[in-house]
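J.: Protein sequence lines correspond, in order, to chains U and C.
Numbers 1274 to 1663, taken from the numbering used here, label the letters of the first sequence in order.
Numbers 965 to 1295, taken from the numbering used here, label the letters of the second sequence in order.
These are computed hints drawn from the structure, not numbers from a lab.
A virtual CB, placed ideally from N, CA and C, is assigned to each residue, including glycine.
One thing to keep in mind: the hints can contain errors.
Derived DSS-like pairs (lysine-lysine); straight-line CA-CA distance at most 30 Å [unchecked claim]:
#1 U:K1426 - C:K1050
#2 C:K1036 - C:K1051
#3 C:K978 - U:K1426
#4 U:K1426 - C:K1051
#5 U:K1481 - C:K1050
#6 C:K1171 - C:K1051
#7 U:K1298 - C:K1036
Some chain C residues near chain U, calculated using beta-carbon distances under 8 Å [as the list claims (entries may be wrong)]:
#8 N976
#9 L1022
#10 P1028
#11 I1032
#12 R1056
#13 G1057
#14 F1064
#15 L1071
#16 P1073
#17 V1074
#18 A1084
#19 I1087
#20 H1088
#21 K1089
#22 Y1288
Going by beta-carbon spacing under 7 Å, a handful of chain C positions derived as facing chain U [claimed, not checked]:
#23 S995
#24 L1024
#25 Q1053
#26 M1062
#27 N1206
#28 S1265
#29 E1269
#30 Y1270
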Amino acid sequence: MNPTEETTTTQMYTEPLLAPKRTRKQEFMHLLGQNWLAGLGLFIFILFFCCAVTGLLLTSGSKPIFDPAMIRLQEKLRPPLSKPHLELLNPEQIPPLNVYLMGTDDLGRDVFSRMLQGAWVSLTVGFVAVGISVFIGIFMGGIAGYFGQHYIKTVHILFFLCLIGGIGLIIINSIFAGTVLLLLSLSTLVFFFPSGHGSAEKEPPVLKSILMANAVSMDTLIMRIVDIMLCFPSFFLILTVVALLPASIYNIMIVIGLTSWMGTTRFVRAEFLSLREQDFVAAAKALGIGNFRIIFRHIMPNAIAPVLVSATIGIASAILTEAGLSFLGFGVPPPHATWGNILSDGKNFIFDAPWLTFIPGIAILIVVLSFNLFGEGLRDIFNPKLRERH
Amino acid sequence: MGHDTPLLYVENLKVYFQRNGAPARAVDGISFGIRKKETVCIVGESGSGKTVSALSILGLVPIPPGNIVDGKIIFSGQNLLTLDEKKMQKIRGNHISMVFQEPLTCLNPVFTIGDQLSEAVRIHKPIDTKALYRYCIQLLNDVGIPSPEQRLSDYPHQLSGGQRQRVMIAMALSCDPDLMIADEPTTALDVTVQAQILELLRSIQQKRSMSVLYISHDLGVVSAIAHWIYVMYAGVIVEQGNTDQIFRSARHPYTQGLLASLPSLSKRGKRLYSIPGSVPNPAYKPTGCPFHPRCPHAILSCREEYPEMCDYGHGHLARCPVLYEKGARSN
């Protein structure tokens, strides 16, 4: 088929018949425009993102432009937008814009600089924690939903228990016991995984039948783990873990991520259970597409809507959790500012200097709200089933 | 037609479904063959095991609760039932492809037609993007979709039922399979669209010289495209023959009943015949001939003896010794 023929047939058929076609990007922008709340959410999110990134650039380094740690005891508890008393300050203490945009705290530190520094913390905590939890959630939910009917043999459970136990023991420095358990797990791997009956025939049949028996289905195993995880009051679990681990922002991200994947797992599993039986999955199989490709390329996009909504709300709640931890003094260690510890420091002066609580509080509110609005909007946009025909 | 070399040969296939209690014997020992460039139809009521036989050829029967108890499926020299999953994936789509009953649900709602079509091609063939685009357009042209360039960026919900079924057929054709299994592809469509799709299938089959296994409950459709017909009832093949033999001289009471219940001009004004009763529960099939409770010719021995195939010559076989003996006596 040569190109001229192609264009003429296209013109003949389509122009009088079809509505103007949009590219995907135009389509996305159009749908976003129809849902102005989601658009607003996205706008605030982009603004927040820019603030956090520029904040990181402006407040880090050896001589930052906005220095969040600069103490000016002469200038404490100044209200927002007040001019500094230049005669009281050393030259290096003068704030960069010659104004305290958001006032100063009880040590005379510039709240604007501290908010900028805290924005980056909130952003990374939100994204990394939710990234971890969504990754685990999708993986576990996908396995539970798609392979749920498959049974796990007792020997496999033993293998994983030995493996995890061994690694755990080595981590807490009892090397000998850990190595024994690891070797045990390796030996089960060698004896049982490759053939299943080649070398196992020497074992007494009772032991073999117990080891090779179907213990639990994949679905039961994963969903009961989820139930167990949900039994822990997660905030106190985080508090305990954070108290045990060295206080660092990365530990907090990982801990928040590892304790918040259960909701996603349940969503994903529920979606997979219904999508697995759909004809398009059978059709994909009939085309010779592999299981993992079916899970992640064919079923996942159909199941992503609730995950996206729960992820955006999860970002909001991770930001809140981090703020709460910092508020309680378990979060990021003190000289580093986060919205939570600005809030926590400010509560002592709530009547004298209300801006110290209101500014971080309102910032948290706006960011969390914008994430929630954007999440709701995304759900409508990404799901062609909810759209009208055009 | 190469009579000596069947492309696919199914021998004594038994697929049971294990539920609580007795296993449901959905497919209970069927044998059939498909030669190259031939259209073979499997006809039967709902629940007679047509779809399960088709799915087991592709290895798509869900293994728990399903269970392939016995049999062989020989496709170009290898037994498909003994292949592992990796090798089966190479066969699916590439050598044997399938068109499903419901075009509405067989396309993934979140991907465009172009995405799905090009994935079907790319899974089995390395092909660069430009060539892939041209090939997809050509495929859509082949199945008679107007302005394929536009359709490629459409989502399934923007197409009509007939167009979606055409897309499904295009996907099934994408890797030039040797055998296409069509599982009631026209059931969900209008009669006019149905005729178009049948015409399309026939022309494609002739052009590409592939074999088609067509599964249907609709004898009208079958008469239009079949070279060879197998009539299934309760998991067994009760009669087989070419189109002429089945439609002109059916030798099994079930086939006769099916034909009698077809509306035709000569029966105008009369009440349409229907076979009394319904298909037995596959877990509790009657002993002897599975059709005997509904059969007008049933005699006492039908209840006890499982009937053997009776040969009427030229490949025409029917599983009813009663009618065979009657015919022999009257001659």
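J.: For each hint, tell me whether it holds in the structure or not.
T.: Consistency of the hints with the structure:
1. U:K1426 - C:K1050: 23 Å, holds
2. C:K1036 - C:K1051: 16 Å, holds
3. C:K978 - U:K1426: 28 Å, holds
4. U:K1426 - C:K1051: Distance of about 25 Å is within 30 Å: holds.
5. U:K1481 - C:K1050: Distance of about 29 Å is within 30 Å: holds.
6. C:K1171 - C:K1051: 28 Å, holds
7. U:K1298 - C:K1036: 52 Å, violated
8. N976: 24 Å, violated
9. L1022: Check passed: Cβ of L1022 of chain C comes within 6 Å of chain U, closer than 8 Å.
10. P1028: 6 Å, holds
11. I1032: 16 Å, violated
12. R1056: Holds. Min distance 4 Å.
13. G1057: Holds - the Cβ of G1057 of chain C comes within 8 Å of chain U, reaching about 4 Å at its closest.
14. F1064: 6 Å, holds
15. L1071: 6 Å, holds
16. P1073: OK, holds: P1073 of chain C within 8 Å of chain U, min 6 Å.
17. V1074: Cβ of V1074 of chain C sits 5 Å from chain U, so the hint holds.
18. A1084: Interface hint status for A1084 of chain C: holds (5 Å vs cutoff 8 Å).
19. I1087: 6 Å, holds
20. H1088: 6 Å, holds
21. K1089: K1089 of chain C check fails; min Cβ-Cβ to chain U is 11 Å, beyond 8 Å.
22. Y1288: With a closest approach of 39 Å, the Y1288 of chain C hint is violated.
23. S995: At 23 Å from the nearest chain U Cβ, S995 of chain C fails the 7 Å test, so the hint is violated.
24. L1024: Holds. Min distance 6 Å.
25. Q1053: Check passed: Cβ of Q1053 of chain C comes within 4 Å of chain U, closer than 7 Å.
26. M1062: 4 Å, holds
27. N1206: 28 Å, violated
28. S1265: Violated, about 42 Å.
29. E1269: Violated, because the Cβ-Cβ distance from E1269 of chain C to chain U comes to roughly 38 Å (cut-off 7 Å).
30. Y1270: 33 Å, violated
When each numbered hint is compared with the structure, violations occur for hints 7, 8, 11, 21, 22, 23, 27, 28, 29, 30.
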